[in-house]
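Visitor: Going line by line, the protein sequences match chains V and Z. Just so you know, we're using this note's numbering here: the first sequence kicks off at 1 and counts up by one. Just so you know, we're using this note's numbering here: the second sequence kicks off at 320 and counts up by one.
Hints were generated in silico from the structure; no laboratory data involved. Quantities reported herein were computed from a predicted structural model and do not represent experimental measurements. Treat each hint with caution, since some may be false.
Derived contacts from chain Z toward chain V, CB cut-off under 8 Å, selection only [claimed, not checked]: (1) ALA388; (2) PRO392; (3) SER425; (4) PHE434; (5) ASP438.
Think about it this way: if two alpha-carbon atoms lie no more than 20 Å apart in a straight line, the pair counts; the simulated EDC-like pairs of lysine to aspartate or glutamate are [stated by the list, open to error]: (6) Z/LYS545 <-> Z/ASP335; (7) V/LYS2 <-> Z/ASP335; (8) V/LYS2 <-> Z/GLU461; (9) V/LYS79 <-> V/ASP155; (10) Z/LYS514 <-> Z/GLU486; (11) V/LYS152 <-> V/GLU82; (12) Z/LYS502 <-> Z/GLU461; (13) Z/LYS472 <-> Z/GLU461; (14) V/LYS2 <-> Z/ASP440; (15) V/LYS2 <-> Z/ASP439; (16) V/LYS128 <-> V/GLU240; (17) V/LYS2 <-> Z/GLU533; (18) Z/LYS515 <-> Z/GLU486.
Here chain V is said to cover these stretches of chain Z; the calculated rule only asks that three of the stretch's residues, wherever they fall, bring their Cβ under 8 Å from a Cβ of chain V [what the hints assert, rightly or not]: (19) 402–415; (20) 547–558.
Even glycine gets a Cβ: it sits at the ideal position worked out from N, Cα and C.
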Amino acid sequence: MKTAVGVFVLAALATLFALPSVLSAYYITLVLPAVAYAIALLGFNLLFGYTGLLSFGHALYVAVGAYGAAVLSSKLGIKSFELVLLLSGAAAVAAAIPVALLSVRYEKIFFGILTLAFGMLFHSFLFKFYDITGGDTGIRVLRPSLFGNEFKDLDKTAFLVGPFYYYCVGLLAILGFVMWRIVHSPFGLHLVASRENRRKSEYLGVRVRFFRLIAFSISAFYCAVGGAILAINTGQADPELAYWTHSGELVFMAVLGGFANFFGPLVGAFTFIFLKSELMGLTQFWRFWLGLTLIVIVVLFPRGLVGVGQDLWTRLHKR
Amino acid sequence: MSTILETVGVGKMYGDFVALDDVSLAIAEGELVSIVGPNGAGKTTLVNVLTGLLKPTAGLVRFRGQDIAGIGPVMLARRGMARAFQLVHIFPAMTVRQTIAVAVVSQEGKGLRFFSAVDDDRGVRDRVREVASIFGLERKLETEARYLSQGEKKLLDIASAFALQPEVILLDEPTSGVSSADKHGIMRNVVDAAKKAGVKAIILVEHDMDLVAEYSTRIVALTAGKVLADRPPAAFFSDPEIVAAIVGKMVGRLAKEA
Ligand SMILES: Nc1ncnc2c1ncn2[C@@H]1O[C@H](COP(=O)(O)OP(=O)(O)O)[C@@H](O)[C@H]1O
Ligand SMILES: [Mg+2]
Numbered sequence: 001m002k003t004a005v006g007v008f009v010l011a012a013l014a015t016l017f018a019l020p021s022v023l024s025a026y027y028i029t030l031v032l033p034a035v036a037y038a039i040a041l042l043g044f045n046l047l048f049g050y051t052g053l054l055s056f057g058h059a060l061y062v063a064v065g066a067y068g069a070a071v072l073s074s075k076l077g078i079k080s081f082e083l084v085l086l087l088s089g090a091a092a093v094a095a096a097i098p099v100a101l102l103s104v105r106y107e108k109i110f111f112g113i114l115t116l117a118f119g120m121l122f123h124s125f126l127f128k129f130y131d132i133t134g135g136d137t138g139i140r141v142l143r144p145s146l147f148g149n150e151f152k153d154l155d156k157t158a159f160l161v162g163p164f165y166y167y168c169v170g171l172l173a174i175l176g177f178v179m180w181r182i183v184h185s186p187f188g189l190h191l192v193a194s195r196e197n198r199r200k201s202e203y204l205g206v207r208v209r210f211f212r213l214i215a216f217s218i219s220a221f222y223c224a225v226g227g228a229i230l231a232i233n234t235g236q237a238d239p240e241l242a243y244w245t246h247s248g249e250l251v252f253m254a255v256l257g258g259f260a261n262f263f264g265p266l267v268g269a270f271t272f273i274f275l276k277s278e279l280m281g282l283t284q285f286w287r288f289w290l291g292l293t294l295i296v297i298v299v300l301f302p303r304g305l306v307g308v309g310q311d312l313w314t315r316l317h318k319r
Numbered sequence: 320m321s322t323i324l325e326t327v328g329v330g331k332m333y334g335d336f337v338a339l340d341d342v343s344l345a346i347a348e349g350e351l352v353s354i355v356g357p358n359g360a361g362k363t364t365l366v367n368v369l370t371g372l373l374k375p376t377a378g379l380v381r382f383r384g385q386d387i388a389g390i391g392p393v394m395l396a397r398r399g400m401a402r403a404f405q406l407v408h409i410f411p412a413m414t415v416r417q418t419i420a421v422a423v424v425s426q427e428g429k430g431l432r433f434f435s436a437v438d439d440d441r442g443v444r445d446r447v448r449e450v451a452s453i454f455g456l457e458r459k460l461e462t463e464a465r466y467l468s469q470g471e472k473k474l475l476d477i478a479s480a481f482a483l484q485p486e487v488i489l490l491d492e493p494t495s496g497v498s499s500a501d502k503h504g505i506m507r508n509v510v511d512a513a514k515k516a517g518v519k520a521i522i523l524v525e526h527d528m529d530l531v532a533e534y535s536t537r538i539v540a541l542t543a544g545k546v547l548a549d550r551p552p553a554a555f556f557s558d559p560e561i562v563a564a565i566v567g568k569m570v571g572r573l574a575k576e577a
């Protein structure tokens, strides 16, 4: 099973790296946001799947990443994407800590509602402080340099579907590896214990609130990295990114792919992005079909697409 | 013998209701103190106060001379007190190995390791195996807790508490819901494990008077939140008044339940 997972991961990464030579630029600009959401979902699911805390406000941190990239590039003239990622990630952690300090005292619906409320606060903040945030038009994001290279000879699309795409897939691989280590670490074990039975875990010495705070901060960092990629892809940090329905989409992706599995949310991110864009092209009732999909998943396949895959796999191997 | 855990004039009110009234106890190294009394006498409340989970409304709780009133379970685990629960407390989706590892990780101060695989940690692995084998769980290491039998769940709950290497352990009805054949097995396990692990004192809440008589060095009887008697088993069971007040009531209760 372990080797099967390894083979699957390598195959998926190889496919992602090979895509630009197979698909048109249009499709690659669709794969890019999927990669961005996959990174955000890695973080989101540390909190949801592993820690058992369902946030309805994580779009906030995606937006902090996007606005971070925008402010750093167009207002402060910082070009280095590495620096942009670190600084917007740090900003997201700084924004997450006060929210987490309050919300991790609660669980379940209270935690969800508190995170939702903070998300709404941030969204209205973007409109209120027009001078900093550009209100409903948002802020332009300039093209960053990657490892100091500005790729001046490439036009916008060529940059995005070329070096930027490879860079982001590389980021997904690295951050995915880091998250894999985190969930299998002693720290990760304590998070799961606190999810399974808070009181018992405390009696076994698990510092539940403190560890939840750390998990929350890590998840915010990942979401900000995803947000920065999204903003560079569209060239704009947009207040819609912070809207609460966007938080709902993160939840959707995790459930669609299956939050009980490490890879579920990643599968969910890719499936959701393509499903959404295909449906939007086909019908103006795309929200209806998305909603219906979610209902079918929750009712018939509560372990998500990865759960369906696992069942098929075991059935094939039993024969 | 030196006192390791004590309460001085402890009272606990739930609103107007007096659950504990002027309870003074001292537990010394080497003791196994049983707390007995009818349902609703305040035994669980006393355990909660002794483990710092509930703050008493009056009096003091001292562990190794330090005030621990209301300090909470995490700090308590660090200071060397562990607890198993009346209603089984387990991590349903975690295996026996993982459950014990949670305690071992705490005990070894490794909770803030973010990047090392817990499964590859030799120290943790060996210690988990050792604890599991003390409680006869070594063949269930990869079984998820929810699939264990009731008796095994109890053992796992207790084993994980032992994995903290506590000085004092509190067991709230460790054998409730377990067949009487298994009860002795669990108690013998616990007492042996305590000896091996260097546990200095055990506090036991128990209904089964056979077990109480066999394993206790001292018996504390509670009724309606008050200490009715505090004496060694021989003196306890030879006093007809006490036996009538405590054992009689409990037998009555058992008869009613049956
Ligand atoms: N949280 C609470 N609020 C109000 N009353 C409580 C609470 N916990 C326990 N009690 C009451 O206190 C009394 C003692 O309870 P408990 O300590 O659980 O007794 P025992 O473990 O001896 O059966 C009971 O009458 C119970 O109903
Ligand atoms: Mg009780």
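Visitor: Look at each hint and say if it fits the structure.
Guide: Results for each hint:
1. Nearest Cβ of chain V to the Cβ of Z/ALA388: about 17 Å, over the 8 Å cut. The hint is violated.
2. With its C-beta approaching chain V no nearer than about 4 Å, Z/PRO392 sits inside the 8 Å limit, and its interface hint holds.
3. At a threshold of 8 Å, the smallest CB-CB gap from Z/SER425 to chain V is about 3 Å, leaving the interface hint in force.
4. Nearest Cβ of chain V to the Cβ of Z/PHE434: about 5 Å, under the 8 Å cut. The hint holds.
5. Satisfaction of the interface hint for Z/ASP438 is found here, the shortest Cβ-Cβ separation to chain V being roughly 7 Å, below the 8 Å cut-off.
6. Annotation: proposed proximity of Z/LYS545 to Z/ASP335 holds, straight-line Cα distance about 16 Å (limit 20 Å).
7. At most 20 Å may separate the alpha-carbon atoms for a hinted pair to count; V/LYS2 and Z/ASP335 exceed this at roughly 58 Å.
8. Taken as a hint, the V/LYS2 and Z/GLU461 pair is honoured in the structure, with Cα atoms around 16 Å apart against an allowance of 20 Å.
9. Under the criterion of a C-alpha separation no larger than 20 Å, the hint pairing V/LYS79 with V/ASP155 is consistent with the structure, at around 17 Å.
10. Distance hint between Z/LYS514 and Z/GLU486 is fulfilled; the C-alpha atoms sit about 11 Å from each other, no more than 20 Å.
11. Restraint check for V/LYS152 and V/GLU82: satisfied, since their Cα atoms lie roughly 18 Å apart, inside the 20 Å limit.
12. A hinted pair counts as satisfied when its Cα atoms are at most 20 Å apart, and Z/LYS502 with Z/GLU461 does not qualify at roughly 24 Å.
13. Proposed proximity of Z/LYS472 and Z/GLU461 is supported: the alpha carbons are some 14 Å apart, at most 20 Å.
14. Distance restraint check for V/LYS2 and Z/ASP440: the Cα-Cα separation of roughly 18 Å lies within the 20 Å cut-off, and the hinted pair is therefore satisfied.
15. Of the supplied pair hints, the one linking V/LYS2 and Z/ASP439 holds, its CA atoms being roughly 14 Å apart against a limit of 20 Å.
16. This hinted pair checks out: V/LYS128 and V/GLU240 have alpha carbons roughly 14 Å apart, not beyond 20 Å.
17. In summary, the hint linking V/LYS2 to Z/GLU533 is not supported, as the alpha carbons are separated by about 50 Å, beyond the 20 Å threshold.
18. Between Z/LYS515 and Z/GLU486 the CA atoms are separated by roughly 12 Å; this keeps the pair inside 20 Å, and the hint holds.
19. Given a C-beta distance limit of less than 8 Å, the hint that chain V covers the region 402–415 of chain Z holds, as 8 residues qualify and 3 suffice.
20. Under a criterion of three residues with beta carbons nearer than 8 Å to beta carbons of chain V, the stated coverage of the region 547–558 of chain Z fails, only 0 such residues being counted.
Violated hints, in rising order: 1, 7, 12, 17 and 20; the structure is consistent with all others.
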